[in-house]
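Colleague: Sequence:
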Amino acid sequence: MVSVASKLPKVRAEANKALVPDPRNVEALVYLGNADTTEGKKAEAETYFQRALALDPSNANAHLDYGNVLPMKQTLAQEQEAVQLDPDSAPAQNNLAVAELDMGEYAQALIPARALIRLDPTSADSAMGLALIYSLLHRNAEAVKAFDLVQPKTELAKALVAAGQLTYQSLLEPKLRAQALAAVDSLRRRTDLDPGSLGDVMQLELALSQNASVLEQLPKNCASAPIGCNDLSINPVYVPLHGQPRFQALVKQYDTVSKPAADSAAPAAMPTPSP
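Be aware that the sequence shown starts at 125, since it is given in the working numbering, and climbs by one per residue.
No wet-lab data here; the hints were simulated from the structure.
Because the structure is a prediction, the values reported are computed rather than measured.
There's no promise every hint is true.
The following label-pair restraints were derived from C-beta to C-beta distances [said to hold, decoys possible]:
#1 R313 - V363: 18 to 28 Å
#2 K141 - R301: 48 to 58 Å
#3 K141 - I235: 31 to 41 Å
#4 S333 - E229: 38 to 48 Å
#5 G367 - K131: 28 to 38 Å
Beta carbons: idealized from backbone N, C-alpha and C, even for Gly.
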(Lines of atoms letter the chains of each structure in order from A and count residues from 1; the text may use other names and numbers.)
(Lines give C-alpha, C1' and ligand atoms only; values in the text may rest on other atoms or scores of the structure.)
Protein backbone atom coordinates (compact mmCIF):
# COMPACT_ATOMS: atom_id res chain seq x y z
CA MET A 1 0.00 0.00 0.00
CA VAL A 2 1.67 3.22 -1.18
CA SER A 3 1.48 6.13 1.23
CA VAL A 4 -0.13 9.28 -0.11
CA ALA A 5 2.54 11.27 1.71
CA SER A 6 5.27 9.61 -0.34
CA LYS A 7 3.96 11.34 -3.46
CA LEU A 8 4.02 14.84 -1.99
CA PRO A 9 7.61 15.86 -2.84
CA LYS A 10 6.96 15.28 -6.54
CA VAL A 11 3.62 17.11 -6.36
CA ARG A 12 5.21 20.11 -4.66
CA ALA A 13 8.13 20.22 -7.08
CA GLU A 14 5.91 20.16 -10.14
CA ALA A 15 3.50 22.76 -8.72
CA ASN A 16 6.27 25.14 -7.72
CA LYS A 17 7.89 24.72 -11.12
CA ALA A 18 4.59 25.65 -12.79
CA LEU A 19 4.33 28.80 -10.67
CA VAL A 20 7.70 30.18 -11.79
CA PRO A 21 6.54 31.33 -15.24
CA ASP A 22 2.95 31.84 -14.10
CA PRO A 23 2.40 32.91 -10.47
CA ARG A 24 -1.34 33.03 -11.22
CA ASN A 25 -1.52 29.31 -12.02
CA VAL A 26 -4.64 28.33 -10.06
CA GLU A 27 -4.20 24.60 -10.59
CA ALA A 28 -0.69 24.71 -9.13
CA LEU A 29 -1.91 26.67 -6.10
CA VAL A 30 -4.63 24.08 -5.49
CA TYR A 31 -2.06 21.27 -5.70
CA LEU A 32 0.10 22.98 -3.10
CA GLY A 33 -2.93 23.52 -0.88
CA ASN A 34 -3.79 19.85 -1.11
CA ALA A 35 -0.22 18.87 -0.27
CA ASP A 36 -0.35 20.99 2.88
CA THR A 37 -3.76 19.57 3.74
CA THR A 38 -2.38 16.04 3.53
CA GLU A 39 0.43 16.99 5.92
CA GLY A 40 -1.97 18.61 8.36
CA LYS A 41 -0.75 22.14 7.62
CA LYS A 42 -4.19 23.70 7.54
CA ALA A 43 -3.17 27.34 7.85
CA GLU A 44 -0.72 27.05 4.96
CA ALA A 45 -3.30 25.17 2.89
CA GLU A 46 -5.91 27.87 3.51
CA THR A 47 -3.53 30.48 2.14
CA TYR A 48 -3.05 28.59 -1.12
CA PHE A 49 -6.77 27.97 -1.57
CA GLN A 50 -7.62 31.59 -0.82
CA ARG A 51 -5.07 32.74 -3.39
CA ALA A 52 -6.53 30.35 -5.94
CA LEU A 53 -10.09 31.53 -5.33
CA ALA A 54 -9.08 35.18 -5.43
CA LEU A 55 -7.74 34.53 -8.92
CA ASP A 56 -10.65 32.35 -10.05
CA PRO A 57 -13.78 32.41 -7.83
CA SER A 58 -15.54 30.02 -10.20
CA ASN A 59 -12.96 27.24 -9.84
CA ALA A 60 -14.94 24.28 -8.54
CA ASN A 61 -11.87 22.28 -7.52
CA ALA A 62 -10.55 25.14 -5.40
CA HIS A 63 -13.89 25.38 -3.55
CA LEU A 64 -14.00 21.60 -3.19
CA ASP A 65 -10.55 21.27 -1.67
CA TYR A 66 -10.77 24.47 0.39
CA GLY A 67 -13.63 22.80 2.21
CA ASN A 68 -11.22 20.25 3.66
CA VAL A 69 -9.55 22.81 5.92
CA LEU A 70 -12.53 24.89 7.08
CA PRO A 71 -14.95 24.71 10.01
CA MET A 72 -17.76 22.30 9.27
CA LYS A 73 -20.52 24.72 8.31
CA GLN A 74 -18.14 26.60 6.06
CA THR A 75 -17.01 23.29 4.61
CA LEU A 76 -20.58 22.47 3.70
CA ALA A 77 -20.95 25.84 1.99
CA GLN A 78 -17.79 25.27 -0.05
CA GLU A 79 -18.86 21.77 -1.11
CA GLN A 80 -22.30 23.09 -2.09
CA GLU A 81 -20.64 25.81 -4.15
CA ALA A 82 -18.42 23.24 -5.85
CA VAL A 83 -21.45 21.13 -6.77
CA GLN A 84 -23.32 24.18 -8.04
CA LEU A 85 -20.36 25.16 -10.22
CA ASP A 86 -19.75 21.64 -11.49
CA PRO A 87 -22.68 19.28 -10.81
CA ASP A 88 -21.05 16.62 -12.97
CA SER A 89 -18.01 16.41 -10.70
CA ALA A 90 -17.97 13.07 -8.90
CA PRO A 91 -15.46 14.30 -6.26
CA ALA A 92 -17.68 17.32 -5.52
CA GLN A 93 -20.80 15.18 -5.06
CA ASN A 94 -18.72 12.76 -3.01
CA ASN A 95 -17.40 15.39 -0.61
CA LEU A 96 -20.82 16.99 -0.25
CA ALA A 97 -22.25 13.63 0.79
CA VAL A 98 -19.47 13.22 3.37
CA ALA A 99 -20.00 16.70 4.78
CA GLU A 100 -23.72 16.08 5.21
CA LEU A 101 -23.09 12.65 6.74
CA ASP A 102 -20.62 14.08 9.25
CA MET A 103 -23.18 16.71 10.24
CA GLY A 104 -25.84 14.04 10.72
CA GLU A 105 -27.91 15.17 7.74
CA TYR A 106 -28.46 11.63 6.48
CA ALA A 107 -31.57 12.23 4.39
CA GLN A 108 -29.98 15.25 2.73
CA ALA A 109 -26.86 13.21 1.97
CA LEU A 110 -28.95 10.92 -0.24
CA ILE A 111 -29.08 13.59 -2.94
CA PRO A 112 -25.34 13.81 -3.68
CA ALA A 113 -24.90 10.08 -3.03
CA ARG A 114 -27.45 9.24 -5.71
CA ALA A 115 -25.85 11.76 -8.04
CA LEU A 116 -22.49 10.10 -7.45
CA ILE A 117 -23.90 6.74 -8.51
CA ARG A 118 -25.09 8.29 -11.76
CA LEU A 119 -21.72 9.92 -12.36
CA ASP A 120 -19.61 6.94 -11.32
CA PRO A 121 -21.73 3.85 -12.06
CA THR A 122 -18.82 1.40 -12.05
CA SER A 123 -17.58 2.32 -8.56
CA ALA A 124 -18.09 -0.05 -5.66
CA ASP A 125 -17.32 2.84 -3.32
CA SER A 126 -20.29 4.81 -4.66
CA ALA A 127 -22.62 1.91 -3.86
CA MET A 128 -21.07 1.49 -0.42
CA GLY A 129 -21.70 5.14 0.39
CA LEU A 130 -25.33 5.02 -0.69
CA ALA A 131 -25.88 1.75 1.20
CA LEU A 132 -24.38 3.30 4.33
CA ILE A 133 -26.77 6.23 4.18
CA TYR A 134 -29.79 3.99 3.73
CA SER A 135 -28.68 1.85 6.67
CA LEU A 136 -28.32 4.94 8.86
CA LEU A 137 -31.89 5.82 7.89
CA HIS A 138 -32.95 2.28 8.89
CA ARG A 139 -33.83 1.47 5.29
CA ASN A 140 -31.82 -1.73 4.92
CA ALA A 141 -33.89 -3.07 2.04
CA GLU A 142 -32.88 -0.03 0.01
CA ALA A 143 -29.29 -0.45 1.19
CA VAL A 144 -29.31 -3.87 -0.45
CA LYS A 145 -30.71 -2.44 -3.68
CA ALA A 146 -28.01 0.24 -3.80
CA PHE A 147 -25.59 -2.37 -5.10
CA ASP A 148 -27.85 -3.08 -8.07
CA LEU A 149 -27.25 0.48 -9.27
CA VAL A 150 -23.59 -0.05 -10.17
CA GLN A 151 -21.89 -2.13 -12.84
CA PRO A 152 -18.42 -2.91 -11.48
CA LYS A 153 -15.71 -3.66 -14.03
CA THR A 154 -12.73 -4.94 -12.04
CA GLU A 155 -12.59 -8.17 -10.08
CA LEU A 156 -12.01 -6.25 -6.85
CA ALA A 157 -15.00 -3.99 -7.45
CA LYS A 158 -17.18 -6.99 -8.27
CA ALA A 159 -16.12 -8.70 -5.05
CA LEU A 160 -16.81 -5.55 -3.01
CA VAL A 161 -20.27 -5.15 -4.51
CA ALA A 162 -21.16 -8.81 -3.96
CA ALA A 163 -19.95 -8.75 -0.35
CA GLY A 164 -21.67 -5.43 0.30
CA GLN A 165 -25.01 -6.62 -0.96
CA LEU A 166 -24.72 -9.86 0.98
CA THR A 167 -23.75 -8.01 4.16
CA TYR A 168 -26.75 -5.69 4.13
CA GLN A 169 -29.04 -8.54 3.09
CA SER A 170 -27.82 -10.47 6.14
CA LEU A 171 -29.07 -7.66 8.36
CA LEU A 172 -32.54 -8.49 7.05
CA GLU A 173 -31.99 -12.25 6.92
CA PRO A 174 -29.76 -13.43 9.80
CA LYS A 175 -29.40 -16.88 8.22
CA LEU A 176 -27.07 -15.23 5.69
CA ARG A 177 -24.69 -13.91 8.36
CA ALA A 178 -22.15 -16.73 8.12
CA GLN A 179 -22.02 -16.37 4.35
CA ALA A 180 -21.56 -12.61 4.63
CA LEU A 181 -18.77 -13.01 7.17
CA ALA A 182 -16.96 -15.42 4.86
CA ALA A 183 -17.25 -13.04 1.92
CA VAL A 184 -15.91 -10.09 3.90
CA ASP A 185 -13.11 -12.19 5.38
CA SER A 186 -12.07 -13.19 1.87
CA LEU A 187 -12.01 -9.54 0.85
CA ARG A 188 -9.89 -8.55 3.83
CA ARG A 189 -7.24 -11.08 2.83
CA ARG A 190 -6.78 -9.62 -0.65
CA THR A 191 -3.46 -7.99 -1.45
CA ASP A 192 -4.84 -5.40 -3.87
CA LEU A 193 -6.81 -3.27 -1.41
CA ASP A 194 -6.10 0.46 -1.61
CA PRO A 195 -7.10 2.76 1.29
CA GLY A 196 -10.53 3.38 -0.22
CA SER A 197 -11.23 -0.31 -0.77
CA LEU A 198 -10.02 -1.19 2.72
CA GLY A 199 -12.34 1.49 4.06
CA ASP A 200 -15.22 -0.26 2.29
CA VAL A 201 -14.21 -3.59 3.82
CA MET A 202 -14.10 -2.04 7.29
CA GLN A 203 -17.56 -0.53 6.72
CA LEU A 204 -18.90 -4.03 6.07
CA GLU A 205 -17.07 -5.51 9.04
CA LEU A 206 -18.55 -2.91 11.36
CA ALA A 207 -22.00 -3.60 9.93
CA LEU A 208 -21.38 -7.23 10.92
CA SER A 209 -20.08 -6.22 14.39
CA GLN A 210 -16.51 -7.32 13.63
CA ASN A 211 -15.09 -4.44 15.64
CA ALA A 212 -11.85 -6.14 16.70
CA SER A 213 -10.83 -6.77 13.10
CA VAL A 214 -11.37 -3.12 12.20
CA LEU A 215 -9.30 -1.98 15.17
CA GLU A 216 -6.45 -4.06 13.75
CA GLN A 217 -6.69 -2.57 10.26
CA LEU A 218 -7.62 1.04 10.89
CA PRO A 219 -4.17 2.22 12.12
CA LYS A 220 -2.54 1.05 8.88
CA ASN A 221 -5.21 2.70 6.77
CA CYS A 222 -4.90 6.00 8.63
CA ALA A 223 -1.11 5.94 8.29
CA SER A 224 -1.42 5.36 4.56
CA ALA A 225 -4.06 8.05 3.92
CA PRO A 226 -4.29 10.41 6.94
CA ILE A 227 -6.83 12.75 5.36
CA GLY A 228 -9.30 9.88 5.23
CA CYS A 229 -9.16 9.67 9.02
CA ASN A 230 -9.56 13.32 9.95
CA ASP A 231 -13.24 12.87 10.78
CA LEU A 232 -13.01 9.69 12.88
CA SER A 233 -14.86 11.21 15.83
CA ILE A 234 -17.99 12.04 13.82
CA ASN A 235 -17.90 9.69 10.84
CA PRO A 236 -21.01 7.53 11.38
CA VAL A 237 -19.20 4.45 10.06
CA TYR A 238 -17.09 4.32 13.21
CA VAL A 239 -19.77 4.85 15.85
CA PRO A 240 -19.45 1.18 16.97
CA LEU A 241 -15.83 1.89 17.97
CA HIS A 242 -16.55 4.89 20.17
CA GLY A 243 -15.16 4.42 23.66
CA GLN A 244 -12.57 1.86 22.58
CA PRO A 245 -9.13 3.00 23.83
CA ARG A 246 -7.36 2.02 20.60
CA PHE A 247 -9.89 3.95 18.56
CA GLN A 248 -9.69 6.99 20.82
CA ALA A 249 -5.91 6.96 20.37
CA LEU A 250 -6.42 7.16 16.60
CA VAL A 251 -8.91 9.99 17.05
CA LYS A 252 -6.33 11.88 19.08
CA GLN A 253 -3.66 11.27 16.45
CA TYR A 254 -5.59 11.92 13.24
CA ASP A 255 -8.92 13.60 13.92
CA THR A 256 -9.12 17.31 13.18
CA VAL A 257 -12.86 17.83 13.47
CA SER A 258 -15.38 18.19 16.25
CA LYS A 259 -19.12 17.92 16.49
CA PRO A 260 -21.13 20.39 14.37
CA ALA A 261 -22.09 22.41 17.44
CA ALA A 262 -18.43 23.18 18.11
CA ASP A 263 -17.93 23.95 14.43
CA SER A 264 -14.17 23.77 14.68
CA ALA A 265 -12.96 21.95 11.61
CA ALA A 266 -13.76 20.26 8.36
CA PRO A 267 -14.88 16.74 7.52
CA ALA A 268 -12.57 14.47 5.64
CA ALA A 269 -12.44 14.27 1.92
CA MET A 270 -13.63 10.85 0.92
CA PRO A 271 -11.04 8.70 -0.69
CA THR A 272 -10.97 8.57 -4.43
CA PRO A 273 -13.71 6.09 -5.41
CA SER A 274 -12.47 2.54 -5.46
CA PRO A 275 -12.45 0.41 -8.56
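Colleague: Which hint numbers doesn't this structure obey?
Modeller: 4
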